[in-house]
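Can you make the complete structure from the sequences, with help from the hints?
Protein sequence lines, in the order shown, are assigned to chains W and R. So the first sequence is numbered by the working numbering: it starts at 48 and just counts up by one. So the second sequence is numbered by the working numbering: it starts at 1313 and just counts up by one.
Simulated from the structure, these hints should not be mistaken for laboratory data. A few of these clues could be false.
What the hints assert, rightly or not - Taking lysine-lysine pairs in the DSS-like style, the calculated list, with each CA pair at most 30 Å apart, reads:
no. : chain 1 : residue 1 : chain 2 : residue 2
1   : R       : Lys1592   : R       : Lys1485
2   : W       : Lys163    : W       : Lys311
3   : W       : Lys163    : W       : Lys150
4   : W       : Lys211    : W       : Lys153
5   : W       : Lys269    : R       : Lys1388
6   : R       : Lys1388   : W       : Lys163
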Amino acid sequence: MARAVSTRRKVGYTIAAWIIGLAIFFPILWTILTSFKTEAEAISSPPSFLFFQWTTENYSTVMERSNYFRHFWNSVVISLGSTVLGLIIAIPAAWSMAFVPAKHTKNVLMWMLSTKMLPPVGVLIPIYLIFRDVGLLDTKTGLVIVLTLINLPIIVWMLYTYFKEIPGEILEASRMDGASLRDEIIHVLTPMAVPGIASTLLLNVILAWNEAFWTLNLTAAKAAPLTAFIASYSSPEGLFYAKLSAASTMAIAPILILGWFSQKQLVRGLTFGAVK
Amino acid sequence: MTKTTRALMGATALCGMAAVAQAETLTIATVNNGDMIRMQELSSAFTEQNPDIELDWVTLEENVLRQRVTTDIATKGGQYDVMTIGTYEVPIWAAQGWLVPLDDLPEEYDVDDLLPSIRAGLSVDDTLYAVPFYGESSMVMYRTDLAEAAGIEFPEAPTWDFIKEAAAAMTDKENEVYGICMRGKAGWGENTAFITSMANSYGARWFDENWMPQFDSEAWQTAFSDYLMLQNEYGAPGSANNGFNENLALFQQGKCGMWIDATVAASFVTNPDDSTVADKVGFALAPDNGLGKRGNWLWAWSLGIPAGTDAEDAAKTFVAWATSKEYAELVAENEGWANVPPGTRTSLYENPAYLEAASFAEMTLESINAADPQNPTVDPVPYTGIQFVAIPEFQGIGTAVGQQFAAALAGQKSAEEALQAAQDLTMQEMQAAGYIQ
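Here it is, written out as structure tokens:
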């Protein structure tokens, strides 16, 4: 009897999970479907779900009109660059907070997180002026720096949480064996925290890839990533929903594929230490 | 001198020559609409004529573009050499000294050919600061078949009373046909633009000559009550969320009896590739209320050059080409006369080929000519602009007022409450900005 209830509950949870999953994925699916419609079909009412005249014309128009690969390459450089730079700074920072906490470590962590509560537009002008004066406007280097700074609190927080789960005795033992601080972080701590670091890396790549305030405001033609590529197909005076959907699909496809292949790693990392 | 030294010197000289010969690059910020995209596609004709100039395009959604170019020009960021801006920005930016005056355009450009109202909207003290790429006003687009079935004959210049009657006669909610579609989505360029233009024709104004807000006037109350009545009785469901694109989709799907909106929409609704009612569309001037002012606006997407650009001459060459008669002919040659950017030049409206290809041409010209940004309403005002007030504070105030209008349309507050809230918030902002002591 107990097993029957448990099975029923299991089935219920599975169905609920599928419904929630599909509901979350539906807007993306709809975007992908719209990208294969004509502009007239994209606005038809009632909308057609699968039975319409499929066309790849929007993709060829988008490829013809925009330099997709330049935007794609900019996105790759900016998201990977800011992630690697962020990890280089965050790993030692999280190590010190997790294993050598000071009196105000918790306050410092909270302060770091509080910087995320500031609306970005509030600091747009000062940052724009600084970037103008140091020649970083419309450069990939500038965006790598600003996205690193924006995502650093999250990276430090995540790594701090993972590092806290690692027994300090192991690090102590490595020190007893004569490991230097550098060796301790690189050869002992980092390999043990690989799942956490990997999920932090993936999450940061996704955040940087999708960031659409700074990447739009600090770039023009040279360093504009895929967020600017999507924005170029949005129009308040003219119906270009099918082309906009094609551009959106092309922009999210790489990160969607990355997320799909790394989902186990991502989930494992995100739930690391969740159950004690 | 060794061979190596000579080789190095030769290479250095070559590099220097190459740098001199390198093309100048213009970064052009533009909006995403059919005419602008077409210009981008045809720009190879310009670069062939000017091999020393290269073009880099930054295409953005209108609101993103506005935020982006405003930040850049206000901070002298120098990211763009040519900016696509509207009739709202030009007088404000020109007064700040942010734009290069365009008073030395070549004779063959024929600046006197620009439509007078458009030219006036882009000039400050008779100096032109941006050149128009396309201009628009607003007008009534209506379904000729529905009008005929309802026994209505549309005059060329309808009144609001006629519009009310026609909306009632054409509404058939059971078959999802709504008598009238109008903007309801909140935003200074959305419902505020429409309602302000409509209110002008009722004799309402944003401010009196002392910058005192006027939303508590009888004219505003009558205009806004009529707007709400039309939307609620004969409009599409959820009209508080409908802007230009949503209404365009409704009209193209045959769900609007009338649509009052930008003249540029005429080419969309008559395009058989996208519109199911392409051959059943008639045009009329925006309505009036017998007070001598019509409810139509004036807008021109224009090309301006930010002061301080290091490519001023190249930028002038480009903006002159993109808004020239020669460009219009290039579009006609490649895409047909109907696709030539409308509303900028008198000569276009004297061209029989254009008049034949664009059934809406005459009404567009009449609508543009009927617009007077210097005297937008019946009583005198201290500002220029028809659907906007050309002061820097207007974007914020206009959007906040638009939110009040949308709230009334959604039934969240009454017309009186919305107008009172608009009055209070405008007063507060104008006091804070120092217009009212």
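Each hint, compared with the structure:
Restraint check for Lys1592 (chain R) and Lys1485 (chain R): the C-alpha separation of about 20 Å stays at or below 30 Å, so the hint holds. Pair hint Lys163 (chain W) plus Lys311 (chain W) holds up; C-alpha atoms about 28 Å apart against a cutoff of 30 Å. A hinted pair counts as satisfied when its Cα atoms are at most 30 Å apart, and Lys163 (chain W) with Lys150 (chain W) qualifies at roughly 23 Å. Note on Lys211 (chain W) and Lys153 (chain W): the hinted pairing holds, with a Cα-Cα distance of about 13 Å set against a maximum of 30 Å.
Only pairs whose Cα atoms come within 30 Å are accepted, and Lys269 (chain W) paired with Lys1388 (chain R) is accepted, the gap being roughly 18 Å. About 28 Å separates the Cα atoms of Lys1388 (chain R) and Lys163 (chain W), which keeps this hinted pair within 30 Å; it holds.
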